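> Here's the letter readout for the chains.
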Amino acid sequence: MNYQNREKVIAHSIFIIGSIVVLYPFFSILFLALSEPGKRISGFTVPSGIYFDNFVKAWTDGGFSNGIFNSFVVVFGVVSVTIFCSTLAAYAFEKLDIFGVTPLFALLLVGLVLPYESIVISLYYTMKSYNLSNTYWSLILPQIGLSIPFSIFWLRASFKAIPKSLSEAAMIEGAGRFTILIKILIPQMIPAILTLTVLLFMWTWNEFLLALIMIQDADMRTAPLALSYFAGNKRYGDPAITAAAAIWVALPVLIMYVFLQRRFISGMVTGAVKE
Amino acid sequence: MSTKYIYRPQNKIDYSSYLYLIPAFIFYLVFVFFPLADTFYNSFTEWNGISEKKWVGLEQYAKNIQNKKITSSIKHSFILIIFYSILPIIIGLLIAGLMIRVKVHGMSTYRAILFLPQILSMIVVGIAWRWIYAPKGPLNSGLDFFGLEEVSRAWLGSFDYALPFVGLIGTWVMFGFTMILFIAGVQKIPTELYDAAKVDGAGAISEFFNVTLPNLKGEIVVALVFTVTLALRNFDLIYITTGGGPGTSTMIPSMFIYKKAFQMNQVGSASSLGIMLTLLIFTLVSIILLIFKDKK
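Protein sequence lines correspond, in order, to chains A and B.
Under this note's numbering, think of the first position of the first sequence as 1131, with each following residue one higher.
Under this note's numbering, think of the first position of the second sequence as 40, with each following residue one higher.
The set of hints was computed from the structure by calculation and includes no laboratory data.
Here the structure is a predicted model, which is why all the values come from computation and not from measurement.
Mixed in with the good hints there might be a few duds.
What the hints assert, rightly or not - Derived PhoX-like pairs (lysine-lysine); straight-line CA-CA distance at most 25 Å: (1) Lys1258/A with Lys237/B; (2) Lys1290/A with Lys93/B; (3) Lys1138/A with Lys237/B.
Stated by the list, open to error - Some chain B residues well away from chain A (every beta-carbon gap over 10 Å; in silico): (4) Pro62; (5) Thr78; (6) Ser111; (7) Lys114; (8) Ala173; (9) Glu188; (10) Ile228; (11) Ala241; (12) Thr268; (13) Arg272; (14) Asp275; (15) Ile279; (16) Met303.
Glycine residues also receive a C-beta, built at the ideal position from the N, C-alpha and C atoms.
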């Protein structure tokens, strides 16, 4: 019993130390952002009061209302089209007879490991030649392509988990394949699709390099891109305002995480294992 | 129409199945595969992005290999692998080894906190750490507090310290992920295996090497592939923290690709570096998968 207790104390201590290490940078910039504007805090003291002025200043000066709106547009486009296309493809791969599954999968596997640093140059010149750079299209279309390999692998594994008997019964009653997908399989897939939605939301929201390259117009910047310009701008050199801006950008994903953390974690951990 | 699905001879292929693949593959081929092929082509040319492309064969690759700045940027990436992969995996394994039979109350809360760095934009993470490492930031204030004024400095502005200190941000991002992954793996190992090891007189250390480690093989492969690819790409964090500086002390290949293509107008050279980075990642991932497959 004593031995058990000692082990538990050690386990809790490790987790608490780990949690402090993780949380310290967050509280550090939160305190900084909440500090009195103009007053330099040393970073090792707790602020004397709570001031929201830095948040207001960051919001109005950094153009974050535009940035956050743009990010939501891009996320909506990427997530909805990716899920639609990947569901159809994963269904065909898992439940329909397809010749040449292995080479098609190998092709998708390339996209799963590919550092997309290597393709953005070509994407930029192609988009520019069609006058699409600096538009939502230049952000949405490539990110659909980049999200599809993971999404197909993820959804295919969930299709696999649905027993064959379900669709066979419907087949005997004369239902077509599309009807079977919509009426019988998709209702079973809702949890998997939800988790995928959460992951795609997060990845698309946080995407940076593509936006950095495609967007020149300040009004078209996504939230992380607006943040990087804001943080690099000497005129707003005050670290407290930059900290407040960083919190604005992190907030939508953080709020989602508070409610759906299990989906985030299980999605990324099992998703990584399945890959 | 529907009778077709009641009985279907095995040797007949229904080509309409392929219709379901078309939308996904159009997006993938047009926006991922075609750009990759195009980059591959451009890597054999000299091109400033505006004028005609000039075919130069392997010249760009030869120049890259001879360019000391580029070879040292690849060396930096390997140093970052120590911080992004090796350190978090060691930390995760050691902690998982300690958690074999402990049921911790409040595990889901700890898990949620430890996983937090994974969900945030690297730009946000970079800004938080820029403040911690700042000349008057928390790290230096802490050092001053303990009377270590001589030690404190502008960490990210130092030629010697910038790279390891950027690396430590990667360790911070990754260690929670490896911990969660390995603890989940350890809990799937049947307790009989540990009991058997106990009967054989195995101590804690031999238990770790003979039972825990071999049974976590799958999780270790996952962690390696995930963290190594991130360490080799890593554009966002370098861009927001150091921009590759001071000098070229934190320069990495992806930063070079960006600078060459979009600031120096050397598109051919940037493309060849992009292909080299892709090959490097594919090679490392294959090596990881091969090593762990052989041990089966």
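> Now, for every hint given, state plainly whether the structure supports it.
Quick rundown of the hints versus the structure:
no.	hint	result
1	Lys1258/A with Lys237/B	violated, 66 Å
2	Lys1290/A with Lys93/B	violated, 50 Å
3	Lys1138/A with Lys237/B	holds, 20 Å
4	Pro62	violated, 4 Å
5	Thr78	violated, 5 Å
6	Ser111	holds, 18 Å
7	Lys114	holds, 18 Å
8	Ala173	violated, 7 Å
9	Glu188	holds, 13 Å
10	Ile228	holds, 15 Å
11	Ala241	holds, 17 Å
12	Thr268	violated, 6 Å
13	Arg272	violated, 5 Å
14	Asp275	violated, 5 Å
15	Ile279	violated, 6 Å
16	Met303	holds, 12 Å
This entry does not satisfy hints 1, 2, 4, 5, 8, 12, 13, 14, 15, going by the numbered hints stated previously.
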